[in-house]
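Asks: Chains as they are written, first to last, in the working numbering: chain A, 417 to 836; chain F, 417 to 836; chain D, 417 to 836.
It is worth saying that the hints were derived from the structure and are not from the lab.
Do not rely on the hints blindly, as some may be mistaken.
Since the list can't tell identical chains apart, any single copy or any two copies may satisfy a pair.
To be verified - Keeping only pairs whose Cα atoms sit at most 20 Å apart, straight-line, the calculated DMTMM-like set for lysine to aspartate or glutamate is:
1) Lys586 <-> Asp529
2) Lys711 <-> Asp633
3) Lys711 <-> Asp694
4) Lys711 <-> Glu429
5) Lys609 <-> Asp480
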Amino acid sequence: MLYDRLAQDLYTEICHVPIIDPHTHIDPRRPTARNLDEILGYHYYTELAHSVGMDKGRLAPGVDPRDRVRAVLYHMDQFDNTAQYEWFLEIARAFLNFQNSRLTIGDCTWLCDTAEQLMGLPDWEARVLQQSNIEKVFLTNDFDDPLTGFDTNRYIPCLRTDDLVFHLDKPEVRQRLAKATGVEAGDVAGVRKALGKLFEHFTRHGAKACAISLPPDFSPSPVSEQELGRALAGDDAADRVVCSWGLFWMLAEYCRSFGLPFDLMIGVNRQVYEHGVDQGRDLFDQRTSLIQYAKLFNAFPGVPFCISVLASGQNQELVSYSWIFPNVVTFGHWWYSNIPAYVEQDLRARLQAVPKAKQIGYYSDMYKLEFGLPKYNMYRRILAQILADDFVRTRVYTEAQAVELARLLLRDNVRRIFNV
Amino acid sequence: MLYDRLAQDLYTEICHVPIIDPHTHIDPRRPTARNLDEILGYHYYTELAHSVGMDKGRLAPGVDPRDRVRAVLYHMDQFDNTAQYEWFLEIARAFLNFQNSRLTIGDCTWLCDTAEQLMGLPDWEARVLQQSNIEKVFLTNDFDDPLTGFDTNRYIPCLRTDDLVFHLDKPEVRQRLAKATGVEAGDVAGVRKALGKLFEHFTRHGAKACAISLPPDFSPSPVSEQELGRALAGDDAADRVVCSWGLFWMLAEYCRSFGLPFDLMIGVNRQVYEHGVDQGRDLFDQRTSLIQYAKLFNAFPGVPFCISVLASGQNQELVSYSWIFPNVVTFGHWWYSNIPAYVEQDLRARLQAVPKAKQIGYYSDMYKLEFGLPKYNMYRRILAQILADDFVRTRVYTEAQAVELARLLLRDNVRRIFNV
Amino acid sequence: MLYDRLAQDLYTEICHVPIIDPHTHIDPRRPTARNLDEILGYHYYTELAHSVGMDKGRLAPGVDPRDRVRAVLYHMDQFDNTAQYEWFLEIARAFLNFQNSRLTIGDCTWLCDTAEQLMGLPDWEARVLQQSNIEKVFLTNDFDDPLTGFDTNRYIPCLRTDDLVFHLDKPEVRQRLAKATGVEAGDVAGVRKALGKLFEHFTRHGAKACAISLPPDFSPSPVSEQELGRALAGDDAADRVVCSWGLFWMLAEYCRSFGLPFDLMIGVNRQVYEHGVDQGRDLFDQRTSLIQYAKLFNAFPGVPFCISVLASGQNQELVSYSWIFPNVVTFGHWWYSNIPAYVEQDLRARLQAVPKAKQIGYYSDMYKLEFGLPKYNMYRRILAQILADDFVRTRVYTEAQAVELARLLLRDNVRRIFNV
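Turn these sequences into a full structure, and let the hints guide you.
Replies: Structure follows, in structure tokens:
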């Protein structure tokens, strides 16, 4: 909750801006949760519960969903200090009419009952969207997603390419690619043709972005046709690196020819904690630099690169590269940097040094629509406080101008940059 | 001094929590200073005085202790802006009844006289502990410390292992080890046996932790018995690296079998400033990552690793690794990060993203008990202000709940994690 | 604008301290702008305008200066959130009597007319200096600058050495050196003799510093006479590295013998954005450490090294190295770190942990005198707020003592350290 009056006023105004959420993991065919298990099954909660000692077995597929909820709730009082806990509390209050100020294991049955009842209502999705003031939602689609069966005007497809760049050596990925495109991607020409088919398929279905997450040591360079051909045929670690560079570069070329921005989510090491819960195994190495992407930014001046960094320490690089490179755009506050302490300092620097036209303020990264509200509220509160302190009180902007800046960050820049 | 009323109220309450200080360099046989020279001989003061131009010769062993004090005090007006100066001022006020707001060279005689008089009182130790509200104090014991002659209930032994991991190639260290354990550690079996004896000796005398400080480039892996054997017999740089890995891993194994947490203080380069004062030669390289310890954290799920990082820039990694790994615990604010600007931002992030059960708030790192009060007060003030702004004013916690969180950080988590 | 009363009072007092600006790019023979084009031609504006889509062609030399101004102003409303925009607005208000709170393209003609009229006045330079309260200004002189034709008491020469260290392999640089010194620098002895001539020439003309900017991966070591000789004769990448080390070390030796401080501006990668505007192509890699300079700091205890870091993340290293090494001094807030969000956190840490005698607060880095006022005002506001919150309100300093600290940072330390 904000306790500064001016910030609160700004927050109230900012909440009127309809959100276009430019990065989520929503399943458009089942966008909302059906019960509390689908809320507390979010990896943020299972990770934290596991981190304070919960046995992973209590989350196993065979377990009764209410028992899974109980297991997480039981451990929650050991992490009720966290921003993640606050998201859940805000969901319970905003959507489930929960009235108390703390959640305990004693609330489990009531919460589960209420959730099942409300989330089963036929207009639940519409209600959540309306209450959250969310208008459109970007998806994260596997490359072989048929992209049918949902409203692509509300749920905007986005081609996720991690598998193509880092796992094309795996037979199952090649098979999925062959099946999706009708092309056997056995050599460079085949791969190029197959990727082209994917871009055609995605843009025909309204896709507005290509996206990928990248490890901290990724440092792509163009590779020649011959090098890539040899690497595709090979199978050692060096071949895999050359493949990832060549395929990544090919994706950038397709972004250029199809007019799609390329979202780069930089800095994640996968599977670091081997025994972690599902999706709770990835961490990072702060020793990474955007200099690794200088060749890319130079080679594709016409492709907007929407950059997320995992380590807040890299934010100053992002600020500086966005200030200099016309095609580099700041893109939200990702994952381990998506807590108030880091959002606040990263956002302040961006607002002071990156042209306002080149900032995409936030995305929710959510798996279920219910998380849009608490996550965007967290961001809106931080934004409102910074606008109050750094812009309005210092007489840089009027209140109205400050709200206009917020509108750019939350809506207008998304529309313009992604051509929505 | 705090000037925010709510923060001040919280601070007052937090000061009532009896401290268990989980890392110090106290000599339990002489825990307090006997004169001002033992206060200003702390390397924080000699470093800063030397940094502004004091000749090292003025600290030489043969010099009259009052002249050493005079030398440091004389230079103090060039660093009276620092947090370290504030610690000293708070000691002078709290323990020596100093009444002014600034300290100058003109106060030297009065301070020395008063210190000698008061510190010589038979109940000085008890007074200091009582006034500081410190109940127990962890030590840093050399591996060959007999651990006798003091109250191990108040002064809790802790096995410091830097010498074993990094200097076992030195004959004097091997001799000390042989003398302490009765084992000639000539090969892997011998080393293992000797280390086992140390763990037996330490735990028998109430040791509650094993601790080590590590350079920024340390990246330990398990090594096979054969590799370690070859490395122990060799003497080049590569051998020393393999030895350090193997011995470090062996310590982690013993922590597991003896049920001791392992304190890792990560990131110090020793002897960087060759001509520095005693203990004032060490610095760091910010280019380090907790990914270097991923294998370790995976291999020893049952060992609590209490992690201190030297560079504040690494705090986000620490926050994230503690959030994910059940056996990674945040551990205080170390050395160059132990100034308000860094404690504040590091602590805010921890409070927002690490389960409260997994945070050990602070340790003093002190050599003399008199430093517990000003150092803990600095931390308690920062903590109180963050609790006021981020928790109480935002209605996340009531004041009482905020004080309970402080109790966890300052006392209860230490008790539980170290089994005190 | 400050809105905190105490901070504002401190700011007012701090503004009375006459500035000695220890690093600029002023041309002493034409220190002020003659028109608005020379204000908006500053790379901060051309970069930002280019970053939001302005065609570089609109800045070409043949273009009418008013059209260049119009091009930048036209794009300015897309970066009117930035600190750089604030600098320009403050120039327009302070020096051009601009009365509105926002600048738009509609103000172009009036601004251009007014600027031409006022900047053409014979006492313009004196007016700007007086209104900015700037007393002396350090320059950045090419090594072959004759250093004549200006008042070296007001405009203090400084030997810039990037060309010598990194480009001596280029024939034109060797020719310039030969012409400037009368020495053919064909071998080590020749180079040493030539550099000696430069130091004689510069110190004879009142130079007070030697300066250089360095890439993030620079890690100098002493090289033997023979090694340097071989490297000077060679022409591969390794030779160039050895040359840069040897020449850099030689400069440090001359700093020692001529009693000049050595300004090190650490961390810039040149020409990263190939298609950027003039001076808008340089960025950085956060992965750098002051440990790379440990040998240097140890080898030259008598040379003050005034250190600027490009990445705010390196500030803690700078704080710690300055706290420990007597010859390491913190030096301003450089370039990408010169925005309030980073100045604020970097300055707080310095004020808490670096002796006040060892901090040079700020430099403007300006090319035209008009920028001294808004840049120093930005710094003075941040400083005033920190002094209010961390020093005066906490009762560490009285207001008068806080202003004395500001005087050290802005004037007295510059005078003492650079012997002005």
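Asks: Run every hint past the structure and note whether it holds.
Replies: Hints versus structure:
In this assembly of identical chains, the alpha carbons of Lys586 and Asp529 never lie at most 20 Å apart, being 44 Å within a copy and 67 Å across copies at closest. Proximity of Lys711 to Asp633 under the C-alpha cut-off of 20 Å is found in both arrangements, the shortest distances being 15 Å within a copy and 18 Å between copies. With identical chains, the CA atoms of Lys711 and Asp694 are at most 20 Å apart between copies only, with a shortest distance of 19 Å across copies and 35 Å within one. For the homomeric pair Lys711 and Glu429, neither the shortest alpha-carbon distance inside one copy (41 Å) nor that between copies (49 Å) is at most 20 Å.
Proximity of Lys609 to Asp480 under the C-alpha cut-off of 20 Å is found in neither arrangement, the shortest distances being 46 Å within a copy and 49 Å between copies.
Hint compliance for this structure: hints 1, 4 and 5 are broken, all remaining hints hold.
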